[in-house]
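Spelled out, the chains give:
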Amino acid sequence: MKNPYFPLPVRIENVLVETEDKNIKTFTLSFIHKENEEQFRYRPGQFAELTVFGKGEAPFGMASSPTQPGFLEFSISKVGVVTNALHQMSEGEILGIRGPFGNGYPSETFKGKNVVLIGGGFGFSTLRALTNYMIEETNREEFKKITVIYGARRPGFLLYKSDLETWQNRSDIQVFLTVDQDDIGWHGKVGTVPVVTREVAPDAENTYALVCGPPAMIKYTLPVLKELNFPNERIFLSLEMRMKCGIGKCGRCNIGSKYVCQDGPVFSYAEILNLTSDDIF
Amino acid sequence: MDALINRIRGIARDLLREGKVDVVIGFEEGTIPFHSRPCFVRSPDEADRLIWNSFCENNLATYVVKRNERMGIVAKGCDTRALLELIKERQVIRDQIYIIGVPCEGMIDRVRVEAELRNRSIQTVEVREGTFLIMGKDFEKELEIKEFLYPSCQVCTRKNPVIYDELAGEEVEESVGETYPDIESFEGFSDEKRWQYFSEEMSRCIRCYACRNACPLCYCTECFVDASNPQWIGKSIDESDTALFHIMRAFHLAGRCVDCGACERACPLGIDIRKLNRKLSKDVLALFNYKAGISLDEVAPLATYRPDDSEAFILEP
Amino acid sequence: MAEPKIEKWEPKIVAFLCNWCSYAGADLAGISRIQYPNNVRIIRVACSGQVNPWFILANIQQGIDGVLISGCHPGECHYLTGNYRARRKFALLKNFLQFVGLEEGRVHFTWVSASEGVRFAKVIEKVTDIVRSLGPAKKLVKRI
Amino acid sequence: MKAKIIRKKDISGFLDRLIQAYRVYAPVMQNGYFLFKTIKSGSEASLNYHNTKMSPKDILFPQSEVLFRYQLDKRGVEIDAPAQDERDLVIFGIRPCDVRGIQALDKVFSKNPKDPYFEERRNRTVIVGLGCKENHNGCFCTAVGGGPCADDGSDLFLIDIGDEYLIRVISDKGEVFLKGEDLPDAETQKIAFAAVVAEKAQDALRPCVEVQGSEDILTQRFNDPVWDVISEKCIGCGVCTYLCPTCHCFDICDEAVNKEGKGIRIWDSCQYPLFTRQASGPNPRDTVGKRMRQRIMHKFVYFPDEQGMLGCTGCGRCVIECPVNLDIREVLNILLRTGAAR
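Protein chains in written order, with the numbering used here: chain E, 1079 to 1359; chain L, 767 to 1083; chain R, 852 to 995; chain Z, 4 to 345.
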């Protein structure tokens, strides 16, 4: 009987400091045993439980896209016990990984449709995975117009700078970057994500909107999407809850009669509205 | 007893009607025998919910911490001792609470009664003068209250409230001075016997933290047990972690614990955790001549020092 | 064939030495070439008053056989009242650990001033002998 | 349905024989209350009890359990599962409400992906239920679809018919289990008498709360301030959830010394604030009222919605052992019927 609690060993291949305050780093991990890699088939929007041996486990969304085989990337912000331990680790060290967990973004249903990805700060990691997945050669023509709206507090806090550049140089994807606070040398927009979203005003016709970021950003972006008359069924959110087992048993991420780790973390806004639950955001 | 109950209800009704307090915290009838329970009365006509009997075992002082309302509180001897310590530790301001003092004859130990009746199902209990009558489907039994008091009530030397704004009922006669016979006899055993007893008791703990949450003086926002950064103690029921949890819980209450016994009454498995606190209270009394919950102006023992404190334990080569 | 050296068990002892007096005393013992057992691992703390009871319990939990806390003599504390407050805490803690059944010789408290190199060496010797006679730590030790 | 008879005085010998081949758990009286313990001889067990202080769920879902041990070294990490006890288990003298608790745990842990630790033990377990003759003050199994002699879920079920027990053989696992014992078959009139005993016990316990249609009413009243009024006296300890036969929430943590350590699973409780507090700070259930609401909603709305059975078996442990007498039956009555909080 396969044991869902067993962590698979992975090695840290690369650690990239993403933000100027060094609070968010992107870790590139590779499986030590190749056969584990085959077992770990994942979709953008799914997450995994990373084990720092001696410290514990915590859930992180995959920031890499399944179209880039051979390694996994996680962007980790330094907030708790596991993340602090992770931030002190360097290349070559060993971690454990369990997963993939969760339903991930429903990329099948986006086929033949426009997609607007609205991300804020640290929550952009899984949207980056989805973007890279959609603009991959074999996948790109499956989707129509792709728009990315991504904001952070300051330019130094924008993640994945190299990706952002390559996306901006492409013609088949529209990228709007914004910061809350201007800084010298910044040429992009200034303003919060909800404000920029109203400015960009993506057309709701035949379009899916995905929102992922801090609770405050989600709270103020949703009314804007409603103004642009996006129907609730075509707005998807990735919920952030405390999770542990990842297989719908430990009861921690239970909201309404759903488990965020199994039935989510991606829910349509319509689903969330008819869930009787404590307010997540 | 009814005069006392009516007196309490009267005081509560007046307090609420005159708007002196926003809530009166007291006891009301429970849903099963032997269980009166805390209740929060916020309007004058609800005052009739308040009662008083031999089953008001919770320490209501635990509800006044971090509550910024003006509160009336029906408080027996040990509740007032806990309130006094909370005021001394500036967790509640004295005139934020109106203390309705109730002299206490001791509360009945429901676990020992059930053990005595060996699972006969009890339907009603009626408290009389010095005895209580238990009625079940096919039996009746009258027991002496004195024999079935909680251990903390049996050794209680402060049955009358130490501070109060108004006293409901006459003072009761206090039993004589501070004695710790249980601790002295336990100290007489060998290291091995004490260790055997202590680890056997600790092995039954299921870390549900009812002892900590029922204690009025355990009010830290984050308990050392729950801290994760750094993680001081393991979270499982590993013997060593559980033993250390109880040792540190007791030590954090050294010179503060008023021996109300709320921890022992809340423990679902009846573990003898109070013995640890009483040992520290005995030593605090012997070493620093201080008794918790007695006077507002005496400084807590571990918050001060005296140049001539005992050095008996210092190692001389 | 050399008779296999049966590893004679040596106790592990942790000593919390206050930076201003006891640590200096230990240093003096070293400078004056005074010999004392090497079972002790020294941890420098700002003052004996800084030693939280948990430091002692955490050591015992991890299998350390003996713990010594040493600070300035009362009245000489660099922070004036650090050792006075510590003295009250340790008086209670010593009785309390014994009460739950820990052997009396596992935890020791003493005062060593900066000039007492000889006293420091003697204290370490005495503590090591006591702890060695008690044997390896068993109570409250956590097994993984 | 096949049935056997065993005299009460033969129970101890019967248990002694079982102990040769099985690890037998039975109610044992210690410290003034009963707990399920592994017994070394039949005489330790006592079936003359209302219910154990803690539910027998910790036999199959222990409070602390090692999931894996690991050894870190240069090349990587070795991870291996702990050895399991091979002997089969017998839970002897378990009450119907606790059997239903195990059925609830089955739903959670046997749902894909299966929990190997629970499954492995559960497949080796024989459940010998024991019908109740008398209920205690907290019991309300008849109000939540159970009953003092509900034998569903047991492999064998004992009913007290005087100085004998009638053993109803429920499952074929039970039948195989009894093969080695040459117990007399029960005559039809004893079977009928046992049914009467069961009937009487069922009627003696009037349902005190009507949970019919609770899902919709509780959902409508989700944001009703009455939750905070009811839970104001709750001190937020874990007694109700740790003693409950159906509560299955747990935490996984890691304990290590230098390069060697273990991953352990331990019980957790939705009544603790840390249960949902995220490392970055926000906590969707930051008040006692929200946490108490979660306990009721999960047992009477979410669990039935997802698993098709109520998450409460009416054993009454949370009623009896709550330090402040927060009675779940009264909570339901307030929410489902009268609407006003007393």
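Derived by calculation from the structure, the hints in this document are not laboratory data.
Please read all numbers here as calculations on a predicted model, not as lab measurements.
Honestly, I wouldn't trust all of these hints.
[What the hints assert, rightly or not] Derived pair list, reagent style DSS-like, types lysine-lysine, alpha-carbon separation capped at 30 Å: (1) E:Lys-1103 - Z:Lys-262; (2) E:Lys-1112 - Z:Lys-7; (3) Z:Lys-176 - Z:Lys-11; (4) Z:Lys-12 - Z:Lys-262; (5) Z:Lys-7 - Z:Lys-114; (6) Z:Lys-11 - R:Lys-993; (7) Z:Lys-114 - Z:Lys-136; (8) E:Lys-1103 - Z:Lys-265; (9) L:Lys-907 - Z:Lys-203; (10) Z:Lys-12 - L:Lys-903; (11) Z:Lys-262 - L:Lys-903; (12) L:Lys-832 - L:Lys-1057; (13) Z:Lys-117 - Z:Lys-203; (14) Z:Lys-293 - L:Lys-832; (15) Z:Lys-40 - Z:Lys-114; (16) E:Lys-1297 - E:Lys-1267; (17) E:Lys-1103 - Z:Lys-176; (18) Z:Lys-136 - L:Lys-907; (19) E:Lys-1100 - E:Lys-1080.
Each hint, compared with the structure:
The straight-line distance between the Cα atoms of Lys-1103 (chain E) and Lys-262 (chain Z) is roughly 25 Å, inside the 30 Å bound, and the hint therefore holds. Taken as a hint, the Lys-1112 (chain E) and Lys-7 (chain Z) pair is broken in the structure, with Cα atoms around 57 Å apart against an allowance of 30 Å. Simply put, Lys-176 (chain Z) and Lys-11 (chain Z) have alpha-carbon atoms about 23 Å apart, close enough for the 30 Å limit, and the pair holds. A distance of roughly 55 Å separates the Cα atoms of Lys-12 (chain Z) and Lys-262 (chain Z); the hinted pair therefore is violated under the 30 Å criterion.
Under the criterion of a C-alpha separation no larger than 30 Å, the hint pairing Lys-7 (chain Z) with Lys-114 (chain Z) is inconsistent with the structure, at around 34 Å. This hinted pair does not check out: Lys-11 (chain Z) and Lys-993 (chain R) have alpha carbons roughly 44 Å apart, beyond 30 Å. Distance hint between Lys-114 (chain Z) and Lys-136 (chain Z) is unfulfilled; the C-alpha atoms sit about 34 Å from each other, more than 30 Å. Distance hint between Lys-1103 (chain E) and Lys-265 (chain Z) is fulfilled; the C-alpha atoms sit about 27 Å from each other, no more than 30 Å.
A hinted pair counts as satisfied when its Cα atoms are at most 30 Å apart, and Lys-907 (chain L) with Lys-203 (chain Z) qualifies at roughly 25 Å. At roughly 26 Å between alpha-carbon atoms, Lys-12 (chain Z) and Lys-903 (chain L) fall within 30 Å of each other, so this suggested pair holds. At most 30 Å may separate the alpha-carbon atoms for a hinted pair to count; Lys-262 (chain Z) and Lys-903 (chain L) exceed this at roughly 62 Å. For the given pair, Lys-832 (chain L) sits about 25 Å from Lys-1057 (chain L) by alpha-carbon distance, which is consistent with the 30 Å threshold.
The straight-line distance between the Cα atoms of Lys-117 (chain Z) and Lys-203 (chain Z) is roughly 40 Å, outside the 30 Å bound, and the hint therefore fails. Between Lys-293 (chain Z) and Lys-832 (chain L) the alpha-carbon distance is near 18 Å, which keeps this suggested pair within the 30 Å criterion. For the hint pairing Lys-40 (chain Z) with Lys-114 (chain Z), the CA-to-CA distance comes to about 28 Å; that is within 30 Å, so the pair holds. A threshold of 30 Å between alpha carbons decides the hint, and for Lys-1297 (chain E) with Lys-1267 (chain E) the separation of about 21 Å falls inside it, so the pair holds.
Of the supplied pair hints, the one linking Lys-1103 (chain E) and Lys-176 (chain Z) is violated, its CA atoms being roughly 55 Å apart against a limit of 30 Å. Our distance criterion of 30 Å between C-alpha atoms is met by Lys-136 (chain Z) and Lys-907 (chain L), whose separation comes to about 21 Å. A hinted pair counts as satisfied when its Cα atoms are at most 30 Å apart, and Lys-1100 (chain E) with Lys-1080 (chain E) does not qualify at roughly 38 Å.
Checked against the numbered hints given earlier, the structure breaks hints 2, 4, 5, 6, 7, 11, 13, 17 and 19 and satisfies all the rest.
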